[in-house]
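S.K.: The chain contents come next:
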Amino acid sequence: MTTSFLAADKLHYVVGETTRLNILQDVSLQVREHEFVCIVGASGCGKTTLLRLLGGLLQPTQGSVTFRDKPVTEPDRALAIVFQDYAKALLPWRTVAGNVELALESRRVPRGERGEIIHRLLGQVGLADRADAFPVQLSGGMQQRLQIARCLAQSPQVLLMDEPFGALDAMTRQSLQDEVSRLSAASGTTVVFVTHDLEEAIYLGDRVIAMESRPGRIGEVVDVDIPRPRNQLTTREHPRFLELRHHLFNLLPTGH
Amino acid sequence: MPRALKGALLPIGLMLLWELCARSGFIVAESMSNPTAIAHAAWATVLDGSLLKATRETFGAALAGMALGASLGIVCGIAFGLWRLLAALMRLSTEALRPIPSVALIPLALLIYGYGFRMEIAVVAFASFWPLLIITENAVRGIEPRLIEVSRALGFGVVDRVIKIVLPAALPRVFVGLRLAAAVSLVVAVTVEITANPIGLGYALIVAQESMKPDRMFVFLIWIGFLGWLVNAVLLRAQQRWFGRMGNWAEHGR
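From first to last, the protein sequence lines stand for chains D and V.
Under my numbering, the first residue of the first sequence is numbered 1, with each subsequent residue one higher.
Under my numbering, the first residue of the second sequence is numbered 1, with each subsequent residue one higher.
The set of hints was computed from the structure by calculation and includes no laboratory data.
Think of the CB as a built atom: it goes at the ideal place given N, C-alpha and C, for glycine as much as any other residue.
Accuracy of the hints is not assured; some may be wrong.
[As the list claims (entries may be wrong)] No more than 20 Å apart at the CA atoms, straight line, and that leaves these computed lysine to aspartate or glutamate pairs for EDC-like: (1) Lys10/D x Asp69/D; (2) Lys88/D x Glu149/V; (3) Lys10/D x Glu74/D; (4) Lys213/V x Glu19/V; (5) Lys164/V x Asp132/D; (6) Lys10/D x Glu200/D; (7) Lys70/D x Glu33/D; (8) Lys213/V x Asp48/V; (9) Lys164/V x Glu105/D; (10) Lys70/D x Asp9/D; (11) Lys164/V x Asp76/D; (12) Lys10/D x Glu220/D.
[As the list claims (entries may be wrong)] Pair by pair, the computed Cβ-Cβ distance ranges are: (13) Gly188/D x Asn138/V: 26 to 32 Å; (14) Trp83/V x Gly112/D: 32 to 38 Å; (15) His119/D x Trp83/V: 35 to 41 Å; (16) Leu72/V x Gly188/D: 47 to 53 Å; (17) Leu85/V x Ala128/D: 44 to 50 Å; (18) Asn138/V x Arg240/D: 54 to 60 Å.
Make a model of the complete structure from these sequences and hints.
M.R.: Below, the structure is given as structure tokens:
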């Protein structure tokens with residue numbers, strides 16, 4: 001038997017005691033190492049819940065999440081979670097550098113080594129010159145970059161991203177898509193990326209998992225066999241891109 | 001500056017009127033004194049060191065009491081805010097103790113500690129415990145849940161979580177509680193001195209009254225008012241300075 005990387009096995013997630021509401025029903029999936037998996041679905045289909053289960057922030061009613069064959073019963077620094085509401089996930093009393101340092105403190109990186117790591121990570125997300133600013137002084141795109149830098153400072157094996165660019169304008173979103181693509185390719189970090197934007201899912205993913213709603217379950221899984229590196233203009237005009245978009249579009253309910 | 005000047009017009013006018021009334025015999029100088037006599041008395045209390053001594057005693061007791069009560073209040077507030085079960089277990093006890101006016105504890109404090117700093121510190125501590133308990137507990141409850149998740153995701157233990165996330169997140173509101181407690185502790189310290197404890201500004205006030213020295217009494221009265229204003233002004237300034245630049249994170253978010 002081959003060891004699995006990150007896996008969900010027959011997850012059920014139910015809320016409410018009297019009126020039980022099925023959020024997720026029988027969700028199983030396998031994420032391979034170094035893979036970029038996109039989970040796409042309408043709002044309310046349970047995709048965020050699935051991500052939180054994968055990250056150990058929630059525990060399933062039934063079934064299990066395993067990471068390298070060990071059950072995930074609580075958050076693990078190897079699984080970094082990038083929240084959608086970046087403004088709330090940053091520490092407003094710490095500078096940009098201080099926010100990145102938080103993750104280094106959690107790893108007990110010696111004080112003397114932190115400066116260099118912070119500088120390198122901020123450079124990777126294009127915030128090197130804003131190290132002394134406070135989060136409130138940054139634009140939305142920069143705040144999300146900062147959160148990504150902090151997650152990278154955890155030196156994670158998996159980035160779990162919950163609609164990370166949902167609140168950003170189109171231009172910023174595109175440049176961040178390319179940055180995350182580049183960062184994950186360069187570092188070999190596995191990414192599980194939740195979005196409601198079908199095109200974003202196809203553009204970024206090696207694989208797209210389409211979810212169905214009420215109760216949330218896996219609808220279809222498609223491989224995105226479009227060459228990398230991808231390009232905002234040519235990839236989106238690639239015949240295979242359009243074909244996948246058509247195919248998945250019909251699968252997802254209205255709203256997309 | 002012109003605005004501060006405008007604000008000073010009324011008090012200066014009243015002082016002049018007071019002086020005028022006292023000199024013309026319109027009010028009896030034996031009970032109300034007059035500004036010139038008060039100024040002379042003030043100088044006398046500075047020269048004989050009694051003002052400084054009384055101020056040190058009152059401030060010392062108020063500060064020590066507040067440090068004790070406030071830190072206990074913050075610790076309990078954080079604990080109650082983080083653990084609902086603990087808060088529920090303590091709810092009845094705190095609700096029963098809280099309505100007791102702190103000055104009603106003066107007889108008890110006297111029985112336990114006798115006259116002196118310790119009884120005054122105990123009463124002040126009781127008084128300044130409550131605002132910090134309540135404000136800190138609410139502040140901790142109101143912390144952005146996402147921040148708690150961030151600390152879980154990073155695998156921080158309880159101590160790190162409190163030091164790195166909970167305390168700083170609650171700090172702007174805790175500081176408001178400290179300002180409240182500072183005002184309360186000064187009031188309570190002076191009250192304890194007036195009613196029971198023979199030290200400090202409150203006692204100086206009562207001695208001046210009993211020895212029929214209204215000018216001296218007014219010196220201490222005005223001085224106490226000035227100290228209260230000064231303490232609040234200093235803390236307000238500190239608050240703006242420390243929490244102004246980063247945006248006051250206690251106000252937004254939730």
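S.K.: Quick check: which numbered hints come out false for this structure?
M.R.: Violated hints: 6, 13; rest satisfied.
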